[in-house]
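Engineer: What follows is each chain in one-letter form.
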Amino acid sequence: MTDTVKNTLLFVVVFTLIIISGFFQGWNNAMFTLNMGIISAIMALGVNLQWGYAGLFNVGIMGFVALGGLAAVLVGMPATPGAFSAGGVGVVLALLLGVGTVVAAAFTYKRMLKGRNRNLVVTVILVFGFFAFRALLDPNVALIEAVNPAATGYLGGLNPYSVETYRENRWIMLIAWPIGGMFAAGAAWLIGKAALGLRSDYLAIATLGIAEIIIAIMKNEDWLSRGVKNVNALPRPVPFEVDLQSSAAFVERAAALGFDPVEGSTIFVKLLYALLFAAVLGILFWLSQRALNSPWGRMLRAIRDNEVAAEAMGKDVTARHLQVFILGSAICGIAGAMMTTLDGQLTPGTYQPLRFTFLIWVMVIVGGSGSNLGSILGGFLIWFLWVQVEPIGLFIMDIITSGMAEDSWLRAHLIDSAAQMRLMTMGVIMILVLRFSPRGLIPEK
Amino acid sequence: MDFLNAIVALANYVLIPGIAYGSQLAIGALGVTLVYGILRFSNFAHGDTMAFGTMIVILVTWWMQGAGISLGPVPTALLALPFGIVGCIVLVLVTDRTVYKFYREQKAKPVILVIVSMGVMFVMNGITRFIIGPDDQSFADGPRFVISARDFKEMTGLEEGLGIRTTQVITVLTAIVVVALLFWFLNKTRAGKSMRAYSDNEDLALLSGINPERVVMMTWIIVATLATIAGTLYGLDKTFKPFTYFQLLLPIFASAVVGGIGNPLGAIAGGFVIAFSEVTITYAWKKILVYVMPESLEPSGLVQLMSTDYKFAVSFVILLIVLLFKPTGLFKGQTI
Chain U
1 MTDTVKNTLL FVVVFTLIII SGFFQGWNNA MFTLNMGIIS AIMALGVNLQ WGYAGLFNVG
61 IMGFVALGGL AAVLVGMPAT PGAFSAGGVG VVLALLLGVG TVVAAAFTYK RMLKGRNRNL
121 VVTVILVFGF FAFRALLDPN VALIEAVNPA ATGYLGGLNP YSVETYRENR WIMLIAWPIG
181 GMFAAGAAWL IGKAALGLRS DYLAIATLGI AEIIIAIMKN EDWLSRGVKN VNALPRPVPF
241 EVDLQSSAAF VERAAALGFD PVEGSTIFVK LLYALLFAAV LGILFWLSQR ALNSPWGRML
301 RAIRDNEVAA EAMGKDVTAR HLQVFILGSA ICGIAGAMMT TLDGQLTPGT YQPLRFTFLI
361 WVMVIVGGSG SNLGSILGGF LIWFLWVQVE PIGLFIMDII TSGMAEDSWL RAHLIDSAAQ
421 MRLMTMGVIM ILVLRFSPRG LIPEK
Chain Y
446 MDFLNAIVAL ANYVLIPGIA YGSQLAIGAL GVTLVYGILR FSNFAHGDTM AFGTMIVILV
506 TWWMQGAGIS LGPVPTALLA LPFGIVGCIV LVLVTDRTVY KFYREQKAKP VILVIVSMGV
566 MFVMNGITRF IIGPDDQSFA DGPRFVISAR DFKEMTGLEE GLGIRTTQVI TVLTAIVVVA
626 LLFWFLNKTR AGKSMRAYSD NEDLALLSGI NPERVVMMTW IIVATLATIA GTLYGLDKTF
686 KPFTYFQLLL PIFASAVVGG IGNPLGAIAG GFVIAFSEVT ITYAWKKILV YVMPESLEPS
746 GLVQLMSTDY KFAVSFVILL IVLLFKPTGL FKGQTI
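In order, the protein sequences belong to chains U and Y. Numbering-wise (the working numbering), the first sequence opens with residue 1 and increments by one. Numbering-wise (the working numbering), the second sequence opens with residue 446 and increments by one.
One should not assume that every hint holds.
[Claimed, not checked] Below 25 Å or equal to it, Euclidean Cα-Cα: the simulated DSS-like pairs (lysine-lysine) are: (1) K731(Y) <-> K598(Y); (2) K777(Y) <-> K638(Y); (3) K315(U) <-> K554(Y); (4) K219(U) <-> K546(Y); (5) K229(U) <-> K686(Y); (6) K756(Y) <-> K229(U); (7) K552(Y) <-> K445(U); (8) K598(Y) <-> K771(Y); (9) K193(U) <-> K6(U).
No lab work stands behind these hints, which were simulated from the structure alone. Everything numeric in this text was worked out from a predicted model, so none of it was measured.
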């Protein structure tokens with residue numbers, strides 16, 4: 001069996017699984033699994049770029065995904081009327097002041113001679129800058145958050161349409177995806193500059209921290225994206241179900257295929273999303289493959305396999321690491337923006353590291369680190385399992401407990417706990433793959 | 446009088462909570478640092494090891510409370526602690542046998558072990574959630590306060606009260622005992638010395654006849670003990686929730702790295718550095734400033750440097766500063 005046959009078979013198996021789930025749980029669910037599978041595959045592609053190509057250990061994926069989601073809001077939503085005039089200028093000035101303070105401190109640190117004087121001056125700049133920043137930021141934030149707090153209370157986004165008509169501007173969400181990538185890239189540049197020179201587990205801890213901070217900012221800075229109050233009703237690049245249901249042509253066509261209008265429209269919308277997402281995945285996969293097989297990709301693998309030797313050959317290890325770290329994070333940001341578009345809302349409270357960081361790692365490891373095709377397969381497969389473990393667990397628990405009395409506490413407990421089987425299953429899969437097939441389902445060539 | 450009030454308020458809101466939290470972090474960081482020193486990887490499953498041990502303590506505590514066994518004024522959880530420690534040791538040793546041992550024999554790169562520990566983290570997290578559920582559990586009993594704020598006010602006639610919770614006193618006392626025992630073990634006993642030798646130079650230790658598997662086993666036993674104690678103290682002081690324990694990973698790592706990862710003394714210092722920075726930066730200082738500043742200069746706002754939701758940011762920034770300017774930590778790392 002050649003590699004091509006084997007890989008095709010693996011993909012066929014995964015898609016067959018999704019189709020089987022469609023027969024049992026409805027096509028709507030299956031389409032949702034497929035769409036999230038594509039998004040997961042893109043995230044896995046990004047992590048594979050960092051880990052598989054360059055051996056960079058990033059456990060802050062959640063943060064980059066969330067930044068992508070933030071971009072979707074900041075691009076797709078209309079500006080809140082009156083919010084910018086209320087405190088927008090002040091907030092922008094405050095942020096500039098904050099950046100200026102850090103730059104001034106860094107500049108002073110570089111220019112002054114080492115010693116107590118330098119430490120003193122840098123500290124003074126930072127402390128003074130921080131208080132000035134807060135003094136300028138706080139009142140303006142209060143002003144923005146006072147603008148219709150029940151519905152908006154934030155600055156809004158860059159959608160040029162008005163508050164009533166912004167959802168007609170559908171294609172703006174497609175612009176939001178690359179911008180999500182740019183947001184993530186910017187954050188990655190900052191983190192990379194600070195932490196990439198360090199040992200690999202320090203980079204892990206640093207990225208773990210930055211992800212928590214990004215989520216904390218998104219939860220608490222209400223002026224930016226309403227925090228935990230969430231931003232709802234984002235525009236979307238595909239038509240709305242309601243519009244489809246009221247279109248006679250669509251109802252007729254759905255009826256011809258044997259769907260009632262409601263089910264037909266939801267599936268049609270998801271199908272359109274799937275096509276869009278698949279196009280993005282295709283482009284990113286093609287680019288990644290090209291990168292992997294270019295001199296640049298070979299140089300990265302040389303660095304990964306022997307950093308000292310590569311450095312001796314005159315390769316700039318830190319710069320290459322920074323590059324690939326930014327690229328990989330940007331891909332995660334794009335996926336994050338796509339996910340927020342699909343959800344139609346930004347909910348910072350739902351970003352959890354186990355789901356958005358460590359699960360992606362399971363995908364990359366299971367799929368095969370260093371192999372783009374493997375990461376995509378891992379993305380689909382692990383996402384499918386993540387969705388299906390709960391109903392399967394419930395099914396197994398039902399069988400196990402079927403002999404017990406109806407009111408047995410153990411039975412109730414076991415059935416309640418079935419939902420928690422997900423994490424355990426993922427952990428066991430990851431440990432087993434690492435132990436018995438460390439190169440993954442589709443190994444690197 | 447105002448000055449006294451300020452001191453009391455400072456103690457009540459900053460010093461005492463900071464010391465208690467610092468002790469919990471220090472014991473947690475000692476576990477991380479020991480794994481790093483002997484097994485040479487950053488153990489991402491440490492937070493969930495703490496959660497697992499604490500879970501067993503909680504279950505035994507509930508059983509004892511039901512059976513009417515108690516320690517009087519001291520929380521029953523302390524009586525249940527040994528059971529939790531044993532349970533946690535069993536889990537950790539089984540994990541080591543089935544998972545980590547293979548990679549040790551392969552001499553796998555540390556980063557592979559870190560990834561493996563991510564898998565272990567998933568499993569342990571799953572087990573804990575499976576058995577006790579993902580929700581908040583409280584298991585503290587006995588009197589809540591050693592001195593309550595109101596009693597203190599009546600006793601001293603000051604405006605500010607000083608409340609000392611039972612759990613805070615227990616935390617600090619336990620921490621002192623645990624740290625003293627650990628250092629006695631590492632520095633005075635033969636087994637402890639062999640651990641230090643192994644950490645310092647593996648090959649030399651092997652040559653002098655130290656059994657590496659024994660050292661590793663002892664390390665895991667100590668780590669499980671420390672993790673259970675840290676988790677139980679944290680749970681008594683606040684509440685127990687599996688996800689919170691997972692999140693504790695960040696401040697614990699920060700403590701270990703700030704102190705110099707691999708160095709037990711550093712872990713303790715790091716724990717207090719992180720705890721006090723978190724508390725002081727997220728505390729609203731107005732209450733204290735009102736007493737010490739002249740009336741004309743009284744602050745109008747809360748004088749809170751950052752909102753409490755940014756406490757992770759505090760540990761992170763300190764971590765980053767230390768890594769950038771003193772990568773080996775405050776104490777030189779990697780020596781047990």
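Engineer: Evaluate each hint against the coordinates.
Structural biologist: Evaluation of the provided hints:
Proposed proximity of K731(Y) and K598(Y) is supported: the alpha carbons are some 20 Å apart, at most 25 Å. Proximity of K777(Y) to K638(Y) is assessed by CA-CA distance (about 19 Å); at most 25 Å being required, the pair is judged to hold. For the hint linking K315(U) to K554(Y), the alpha-carbon distance of about 23 Å falls within 25 Å, and the restraint holds. For the hint linking K219(U) to K546(Y), the alpha-carbon distance of about 41 Å lies beyond 25 Å, and the restraint is violated.
The hinted pair formed by K229(U) and K686(Y) meets the criterion: a straight-line CA distance of about 24 Å does not exceed 25 Å. Taking the CA atoms of K756(Y) and K229(U), the gap is about 21 Å. The hint holds against a cut of 25 Å. Straight-line distance between C-alpha atoms of K552(Y) and K445(U) comes to about 24 Å, which keeps the hinted pair within the 25 Å bound. Straight-line distance between C-alpha atoms of K598(Y) and K771(Y) comes to about 45 Å, which puts the hinted pair past the 25 Å bound.
With a C-alpha separation of about 41 Å, the suggested pairing of K193(U) with K6(U) is violated against the 25 Å cut-off.
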